[in-house]
Amino acid sequence: MKTVVLLSLSVSLLASCATPKVGQHPAANTPVEATAKEKLLKSEATDDLDDYADAGQVNDPLEKLNRVTFWLNDGFYTVFFRPLSKGYEKVLPKFVRRGIDNVFENVKYPVRMANCVLQGKGERAGLETQKFVTNTLIGVGGLVRVSDKINPIADIPAEDCGQTLAQWGFGHGPYIVIPLFGPSSLREFVGLAGDYAAHPANYGLYLYNGNGNHDWMYIPPPSNTLRSMPDQLEKYDAATQEAVDPYLSARTAYIQQRDEAAKK
Amino acid sequence: MSYRVLLTLLLALATQPNVCTAASAEPETKLKGAVNEVLSVANRSNSKAAIATGVRPLLQRYISFETMTRRAVGPGWRSFDSSQQARATQLFTTLVIRTYANKFTPGQLPEIQYRAATEPATGRVDVPTTVVYQGNRYTVTYRIEQPGWLITDVVIEGVSMIANYRSQLDATFKKGGAEAVVQSLESSVSKQP
Chain A
36 MKTVVLLSLS
46 VSLLASCATP
56 KVGQHPAANT
66 PVEATAKEKL
76 LKSEATDDLD
86 DYADAGQVND
96 PLEKLNRVTF
106 WLNDGFYTVF
116 FRPLSKGYEK
126 VLPKFVRRGI
136 DNVFENVKYP
146 VRMANCVLQG
156 KGERAGLETQ
166 KFVTNTLIGV
176 GGLVRVSDKI
186 NPIADIPAED
196 CGQTLAQWGF
206 GHGPYIVIPL
216 FGPSSLREFV
226 GLAGDYAAHP
236 ANYGLYLYNG
246 NGNHDWMYIP
256 PPSNTLRSMP
266 DQLEKYDAAT
276 QEAVDPYLSA
286 RTAYIQQRDE
296 AAKK
Chain B
6 MSYRVLLTLL
16 LALATQPNVC
26 TAASAEPETK
36 LKGAVNEVLS
46 VANRSNSKAA
56 IATGVRPLLQ
66 RYISFETMTR
76 RAVGPGWRSF
86 DSSQQARATQ
96 LFTTLVIRTY
106 ANKFTPGQLP
116 EIQYRAATEP
126 ATGRVDVPTT
136 VVYQGNRYTV
146 TYRIEQPGWL
156 ITDVVIEGVS
166 MIANYRSQLD
176 ATFKKGGAEA
186 VVQSLESSVS
196 KQP
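Chains as they are written, first to last, in my numbering: chain A, 36 to 299; chain B, 6 to 198.
These are calculated hints, taken from the structure and not from any lab test. All C-beta atoms, glycine included, are put in the ideal place defined by N, C-alpha and C. There could be a bad hint or two in this list.
[Claimed, not checked] If you anchor each label on the Cβ, the simulated ranges turn out as follows:
{"hint": "1", "chain 1": "A", "residue 1": "260", "chain 2": "B", "residue 2": "91", "range": "45 to 51 Å"}
{"hint": "2", "chain 1": "B", "residue 1": "52", "chain 2": "A", "residue 2": "192", "range": "34 to 40 Å"}
{"hint": "3", "chain 1": "B", "residue 1": "151", "chain 2": "A", "residue 2": "269", "range": "45 to 51 Å"}
{"hint": "4", "chain 1": "A", "residue 1": "238", "chain 2": "B", "residue 2": "140", "range": "26 to 32 Å"}
{"hint": "5", "chain 1": "B", "residue 1": "137", "chain 2": "A", "residue 2": "263", "range": "30 to 36 Å"}
[As the list claims (entries may be wrong)] Cross-link-like lysine-lysine pairs, in silico, DSBU-like; alpha carbons within 35 Å at most:
{"hint": "6", "chain 1": "A", "residue 1": "299", "chain 2": "B", "residue 2": "37"}
{"hint": "7", "chain 1": "B", "residue 1": "35", "chain 2": "A", "residue 2": "298"}
{"hint": "8", "chain 1": "B", "residue 1": "196", "chain 2": "A", "residue 2": "156"}
{"hint": "9", "chain 1": "B", "residue 1": "179", "chain 2": "A", "residue 2": "125"}
{"hint": "10", "chain 1": "A", "residue 1": "121", "chain 2": "B", "residue 2": "35"}
{"hint": "11", "chain 1": "B", "residue 1": "196", "chain 2": "A", "residue 2": "125"}
{"hint": "12", "chain 1": "A", "residue 1": "77", "chain 2": "A", "residue 2": "298"}
{"hint": "13", "chain 1": "A", "residue 1": "99", "chain 2": "B", "residue 2": "179"}
{"hint": "14", "chain 1": "A", "residue 1": "129", "chain 2": "B", "residue 2": "179"}
{"hint": "15", "chain 1": "A", "residue 1": "74", "chain 2": "B", "residue 2": "196"}
{"hint": "16", "chain 1": "B", "residue 1": "196", "chain 2": "A", "residue 2": "270"}
{"hint": "17", "chain 1": "A", "residue 1": "121", "chain 2": "B", "residue 2": "180"}
{"hint": "18", "chain 1": "A", "residue 1": "77", "chain 2": "B", "residue 2": "53"}
{"hint": "19", "chain 1": "A", "residue 1": "129", "chain 2": "B", "residue 2": "180"}
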């Protein structure tokens, strides 16, 4: 219930500050404004092929607060997440961890599938279904990602709710650093809530919450978080380790990554 | 192979957009050569530091560090004097090489598939590749430019290395000018990862 309220609240918030791509506000796309923007980008360029002036840029009105959250998160990762992640990697051998990753990714199929449909990508929805059936049946419930060896379904870009919102014309809105979770934007946060709600690993929580006979339902969600921790920390390190300003580096990397995913 | 099959195949190849045009053939060949040389050095080295030292002369031949540094700094570059430009380039080169070398685990080689190159502008070719490394798949795109068809950016999973530094260094410049940029690069280089 809470998730639904949160979701509808965020959607209405997002709708109020979204930047539609087409139609609704023709004034926003007048040639005058385009030229002004082009001029600005050109003045920022260091040569003819330099197109970096607006790459990975996002509105960050909450920068001061975001920087504090970022800094607290960093400390939290060091004290809790890193030891936890290291412990997980130590206890389970790599092939077991890979199997667990594969199962969780396979079971997330409805999220990817639904977002393919919501974006009108029928062919991709079909490929996702083929991949799910192949990995579930031949790959023993998704433990082995057999699809890696089958070309058309080896590398399907994974769709999610954030990308669907992007495709529907919503801009990022303000950049937000979420406590514990890290970089996000208003749009992506709403998308994340949608992904979480639709992820079958969390279904037990809605179906059996409050029913004492189903304590197992508390196992999948934190397991999913734990198993994805080593990858998430690796991404975080890649964006921050060699950075001049880790906050800006993580922000630019995150926005670029999400924009690229939305384009695919 | 019958003529009809051959013809269909040729036709299919010819109608694929931007695939292996004459313009992209040279940079693609050059990139493949560079990647193979880097991999053989990485394969011989037994530590990340050794990889960084080993690939340095190679990367200096295939990468335009001057272009990379200028674009990473952004419009502030124009107000750098020549010694500041030289220092910034030298520091940024070290940073890029170290970042690149850190991505390798000695003894484990990635498997690389080259995909169809595109030509977003005259004098610029983007070569996308799929890299399978330690069981994970990554999309890595090399941006290669004239003169000399040198690498000017590496884009991993949509994240451009140069765009990332641009946002940081441009902000640093706006706060403290050229000296602040050089100093921030110095402190990043001297930090042990």
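Hint numbers not upheld by this structure, sorted from lowest to highest
3, 5, 8, 9, 10, 14, 15, 17, 18 and 19
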